Amino acid sequence: MRFRRSSILPGFRPAFGFTITYLGLIVLLPLSSILFNSATAGPRHMWEVVTHPRVLAAFRVSFGLSFAAAMLNGVFGFLLAWVLVRYEFAGKRLVDALVDLPFALPTAVAGISLTALYSENGWLGGWLAALGVRVAYTPLGILAALTFVGLPFVVRSVQPVLEDLEQEAEEAAASLGASRGQAFRRVVFPLLRPALLTGFALAFARALGEYGSVIFISGNIPMRTEIAPLLIVSRLEQYDYAGASAIALVMLSASFVLLLGLNLLQRRNRRPAEAVAK
Amino acid sequence: MSASPSRRDPAILQWSLTAAALTFVGLFVVLPLITVFAEALSRGWPAYWAAVREPDARSAIRLTLLTAGIAVPLNVVFGLAAAWAVARFEFRGKSVLTTLIELPLAVSPVVAGLVFVFVFGAGGWLGPWLAAKNLQVIYAVPGIALATTFVTLPYVARELIPLMQAQGTEEEEAALVLGAGGWRVFFRITLPNIKWGLLYGVILCTARAVGEFGAVSVVSGHIRGETNTLPLHIEILYNEYRFAAAFAAASLLTLLALVTLAVKRSLDWKLGALAREAPARRTGEA
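Chains as they are written, first to last, in my numbering: chain W, 1 to 278; chain L, 1 to 286.
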């Protein structure tokens with residue numbers, strides 16, 4: 001098999017060459033510096049860095065709360081997509097547009113706004129404090145910020161699939177005597193599950209790397225509300241390049257695994273659809 | 001379009017699910033949005049104007065626009081080249097290439113900044129060489145522009161690639177057969193066909209470039225009046241407990257985000273209409 005199938009269109013070489021060079025210079029070469037610095041530091045030093053109690057605590061906070069935020073977005077994102085596709089209500093188009101706000105709003109703005117809202121003299125924070133729940137400067141605050149940044153992903157993955165869902169499947173289930181709940185569990189939900197998983201993984205990946213919105217609301221208390229990206233920054237500020245790259249390598253590996261999983265998921269789901277199309 | 005009976009949920013279920021979904025949007029989207037403007041105006045309009053027009057804010061706005069002005073055009077050229085290569089030709093390793101293009105979306109912004117410190121910083125690969133030439137990248141504008149370019153790299157390409165794949169190559173091939181040159185085909189056929197998708201990508205890319213915080217924060221050094229972008233300016237004001245001023249600056253970025261959403265919506269509608277039209281046109285021709 002040749003590298004490229006022939007085409008009468010011109011410009012493959014310059015376009016491909018530029019794409020690869022640009023990607024190499026802006027993304028791959030800089031990213032390789034993390035591998036390089038980690039290798040220079042040696043595996044033993046790396047292991048010491050990433051198993052330090054404070055770093056382990058930060059990993060627990062980052063992974064645990066990102067997962068929780070993605071779960072929350074899984075449930076409410078699914079619900080939102082369902083409501084936006086299936087029901088009619090006043091202001092529906094506005095709500096649909098607002099779902100994208102976390103994509104467009106700078107994270108620093110989201111961070112200070114959520115902090116003001118959920119701190120004890122804020123609108124929601126005061127009310128919650130009366131109930132004995134503190135959000136700002138606790139893990140709950142981090143959860144709120146991570147939920148905000150991941151909010152659009154599940155909605156935007158599930159929504160188009162739900163829109164395209166054929167009525168026939170549900171009608172057939174109903175005509176065969178299935179109740180609404182049965183039709184949902186056995187027919188509708190399984191068809192939406194890949195999209196839901198995709199949205200969940202995207203929200204999880206986004207939350208893992210998030211920095212701007214979290215650092216304001218978390219209070220950054222060591223062992224309790226410090227996220228892994230913050231530790232990278234503080235290592236860097238102490239000129240501890242090896243330490244920063246060790247933590248960064250763990251985070252990068254996690255994003256790689258997620259990205260790979262997503263690609264496999266999408267490939268597996270595309271295949272039957274393509275087979276049917278052909 | 002009226003839903004068939006089997007798809008219509010009972011009113012009480014509809015009502016409660018809608019209420020739950022709207023409460024979620026209210027808590028996480030609407031209230032934070034209102035908070036920005038309420039806090040920004042908490043000291044009145046004169047204080048708001050003063051905060052927006054102070055010299056540090058103005059220089060932050062200038063640097064933010066300059067950064068976006070560098071990163072966005074670069075990524076537009078990249079997006080066009082990548083889309084031409086990926087959507088117009090078949091080659092081995094294409095899925096690897098598209099995955100690599102999306103990679104910056106999966107990398108933490110902090111890591112995106114970190115890698116440029118590793119390359120250009122004082123203790124980095126090119127550090128000694130840059131110092132000898134008296135050039136500064138990190139804690140200066142080039143570093144900020146580079147980190148922003150990294151973070152916003154995928155936005156144009158990932159809009160253009162699926163769009164050009166869906167449009168197919170017939171029109172361009174026809175133009176070539178009729179004797180048009182490569183650039184002529186690109187400017188007369190390709191570009192007009194993808195203009196809305198391109199605009200969409202540019203809007204998303206710009207929004208991200210203007211608002212980027214983590215990556216820029218790592219490489220900027222936070223030098224007031226020199227290397228502070230608008231998001232970093234907000235952080236400084238906030239940490240100095242000048243909340244109203246911080247929110248005033250934040251309100252500018254929020255307004256920009258709202259404009260972005262509005263434009264995105266109208267383009268969604270437009271692209272949706274075009275997508276519905278395209279297959280109809282093609283079957284009409286056949």
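Check the hints yourself; a few may be wrong.
Claimed, not checked - With a straight-line cut-off of 20 Å between C-alpha atoms, the simulated EDC-like cross-links for lysine to aspartate or glutamate are:
| id | chain 1 | residue 1 | chain 2 | residue 2 |
| --- | --- | --- | --- | --- |
| 1 | L | K270 | W | D96 |
| 2 | L | K195 | L | E170 |
| 3 | W | K92 | L | D268 |
Claimed, not checked - Partner residues aside, some chain W positions facing chain L, computed with beta carbon under 10 Å:
| id | residue |
| --- | --- |
| 4 | L151 |
| 5 | R180 |
| 6 | R193 |
| 7 | N269 |
If you're looking for bench data, these hints aren't it; they were derived computationally from the structure.
The structure displayed is predicted, hence computed values, not measured ones.
Ideal Cβ positions, reconstructed from N, Cα and C, are used throughout, including at glycine.
Just to be careful, I want the Cα atoms of K92 of chain W and D268 of chain L compared with a cutoff of 20 Å; is the pair within it? holds (16 Å)
Agreement of K270 of chain L and D96 of chain W with the hint, judged by alpha carbon distance not exceeding 20 Å: holds (16 Å)
Next item in the hint list is L151 of chain W. Is there a CB on chain L closer than 10 Å to its CB? holds (6 Å)
Hinted contact N269 of chain W with chain L - closest CB pair below 10 Å: violated (15 Å)
Given hint R180 of chain W near chain L, where the shortest CB pair must fall under 10 Å: holds (7 Å)
Any CB of chain L closer than 10 Å to the CB of R193 of chain W? violated (19 Å)
For a C-alpha distance cap of 20 Å, please report whether K195 of chain L and E170 of chain L respect it. holds (18 Å)
The structure does not agree with the numbered hints 6, 7 stated previously, though it agrees with the rest.
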